[in-house]
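Chemist: Below, each chain spelled out in residue letters.
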Amino acid sequence: MILRLCLFSMLLGAGAAFAHHSAPVFYKVEERITVSGTVTEFRFSNPHAILKFDVVAADGEKQQWTAETTSPSILRRRGWSQASFEPGDKVKLEGMPSQDGSYLMRITRAFREDGTEIGIPAGTNN
Amino acid sequence: MRLKAVCALAACAAGVTGAASLHAQSPQGHGIAGFWSMAPGPTPPRRAATPVEAELIKQLREGAVLLADAGATEFPPGDYGGLNVKASLREAAKSYDPENQTDVSLTCRPPGVIYSMQGPFPIEIFEGRDLVVIKLEYFDLVRIVFMNETEHPDDWPHSQTGHSIGRWDGETLVVDTAKLSPGTLFNNGVDYTENVHLLERFRVADANTLIVTQQFEDSGSFEGTASRIMSFRRGDDHVYPYDCDPTYGLAIESRQRPDKE
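These protein sequences, in sequence, are chains D and B. Mapping of the first sequence onto the numbering used here: position 103 corresponds to residue 103, and the numbering continues sequentially without gaps. Counting the second sequence from 1 gives a position; the numbering used here is that position plus 1000.
What the hints contain is simulated information worked out from the structure, not anything from laboratory work. C-beta atoms are modelled at their ideal positions from N, C-alpha and C, and glycine is treated no differently. Treat the hints with care, since some could be wrong.
[Said to hold, decoys possible] Reference excerpt, derived from the structure (chain D facing chain B, CB under 10 Å, subset only):
| hint | residue |
| --- | --- |
| 1 | Val25 |
| 2 | Arg43 |
| 3 | His48 |
| 4 | Ile50 |
| 5 | Lys52 |
| 6 | Gln63 |
| 7 | Gln64 |
| 8 | Trp65 |
| 9 | Thr66 |
| 10 | Ser71 |
| 11 | Asp100 |
| 12 | Ala122 |
[To be verified] Where chain B lies over chain D, by a calculated footprint (3+ residues, C-beta under 8 Å):
| hint | segment |
| --- | --- |
| 13 | 73-81 |
| 14 | 101-112 |
[As the list claims (entries may be wrong)] One-sided excerpt, in silico: chain B residues whose CB lies under 10 Å from chain D:
| hint | residue |
| --- | --- |
| 15 | Glu1074 |
| 16 | Pro1077 |
| 17 | Gly1081 |
| 18 | Asn1084 |
| 19 | Ser1105 |
| 20 | Cys1108 |
| 21 | Tyr1138 |
| 22 | Pro1241 |
| 23 | Tyr1242 |
| 24 | Cys1244 |
| 25 | Tyr1248 |
| 26 | Arg1257 |
| 27 | Pro1258 |
Kindly produce the complete structure, drawing on both the sequences and the hints.
Modeler: Okay, here's the thing in C-alpha cells:
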C-alpha cells in the first residue's frame, strides 16, 4: 500500500551510493514514496541488495514489489546484514519510486512493524 | 624482486596477514596508510576549497576542467561537466542503453580506476618502501603503485587498474598511471581510450583527512585536461570484500508492472 507520496529536496552527496549502477536510470531520485508490505525474500549481496515483498493495495490488489538498496558494503557499516529481514517480516520502506511505474523502489530508509528503524540512515555514522 | 614485493603487499591487502599492524607507520612512513572513507558532502567545485585543497588544485595543469561529480553525484546523460568530449562520442552516447548495467554479463565488470577512485566507496592504503598498495572496496580493485620504477613498461598489459609508478614530492604521493583499458568517464555512455594518462596526488591534510586529486588526459575522447578532487576521512576499519553477484540485475528485470486495462 502506498501510504504517501512526497517530494524531498535532493541532498547531493549525502544520499544513496549510485556509482556504477546508475540510480537515475531506474528511479526518480528526487522523489520519495513509502510502501508497507510483507517480506518474501532478501538477498544481501553487492552491487545492490534486493528485497522482495508483497503488498495489498487499498483496492485489494496484490502486488509483488522489488526494492533495491545501495551497496551492502556500505550498508554493513550502517548496521544492516543478511539477517536484517526474514520472510514474513512486516516492513515499511521509504525510497525512490521507479521511473517506469513498475513496483520497484530504491530504499533510503527501512522500518519494522513497530517503527524501529533498520540500521542507521546515511550520514549518521560518517 | 618486484614480484616478491608485490606478492607480499598484495597478500596483506587481501587480508592474509593481521591487518592492524599493517596500518602502523614505519619511521619513514608518510601517514598515508590506513582505511579511508569518502567524506560526506560535496567537494570543490561544489563548495569552497580548504587551504590544502586549494594548494592541490593549483598543482593541476592550467586550464584543467574540475569536474563536479566526485562522490555519489553523477552527471545525467549528455552532461560531461564542461569537458569538450569528441562529437563522435557524444553522438554515440545517444544510443547508450544504461539498462545494460543490470545485464548478467556486465553487472560485475569493474569500472576503471579513474571512475572507481571518485566513487563513494572506501579505500585502504598500505605503504611500503618500494610499493604502495591501494585496495578499493569497489569491485575489489587492487592498485599497485611501484615506487621504485620510473617508466611504464611497453609490454605491460592494459587493464582497469593500469600500471602505476609513484614518487613522494615532499608529503604528497604523486602517482602516474598508464596502460588503462578503455573505461567510463562519467557512467553515461562515453569511454576514454587506452591512451588515457592519469596523474594523482595524495596528501594527508591532517591526521584524519586525505585529499586526493586526479588529473587525466586522453586526446582520443576529449580535449584538454579533466580533473577531480576527493576528500577522505580516516577510519578504524578495513575495506570489505565486494564479491559482486552478477545475477542481481535479474531481480530488477523481473519486477512486476501494474496491469494495464
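Chemist: Take the hints in turn and mark each one as holding or not.
Modeler: Each hint, compared with the structure:
no.: 1; hint: Val25; in the structure: holds, 4 Å
no.: 2; hint: Arg43; in the structure: holds, 7 Å
no.: 3; hint: His48; in the structure: holds, 6 Å
no.: 4; hint: Ile50; in the structure: holds, 4 Å
no.: 5; hint: Lys52; in the structure: holds, 7 Å
no.: 6; hint: Gln63; in the structure: holds, 7 Å
no.: 7; hint: Gln64; in the structure: holds, 5 Å
no.: 8; hint: Trp65; in the structure: holds, 7 Å
no.: 9; hint: Thr66; in the structure: holds, 5 Å
no.: 10; hint: Ser71; in the structure: holds, 7 Å
no.: 11; hint: Asp100; in the structure: holds, 7 Å
no.: 12; hint: Ala122; in the structure: holds, 8 Å
no.: 13; hint: 73-81; in the structure: holds (count 4)
no.: 14; hint: 101-112; in the structure: holds (count 4)
no.: 15; hint: Glu1074; in the structure: holds, 6 Å
no.: 16; hint: Pro1077; in the structure: holds, 9 Å
no.: 17; hint: Gly1081; in the structure: violated, 14 Å
no.: 18; hint: Asn1084; in the structure: violated, 23 Å
no.: 19; hint: Ser1105; in the structure: violated, 14 Å
no.: 20; hint: Cys1108; in the structure: holds, 8 Å
no.: 21; hint: Tyr1138; in the structure: holds, 7 Å
no.: 22; hint: Pro1241; in the structure: holds, 8 Å
no.: 23; hint: Tyr1242; in the structure: holds, 5 Å
no.: 24; hint: Cys1244; in the structure: holds, 5 Å
no.: 25; hint: Tyr1248; in the structure: holds, 6 Å
no.: 26; hint: Arg1257; in the structure: holds, 4 Å
no.: 27; hint: Pro1258; in the structure: holds, 6 Å
In this structure, the hints that do not hold are numbers 17, 18 and 19, in rising order.
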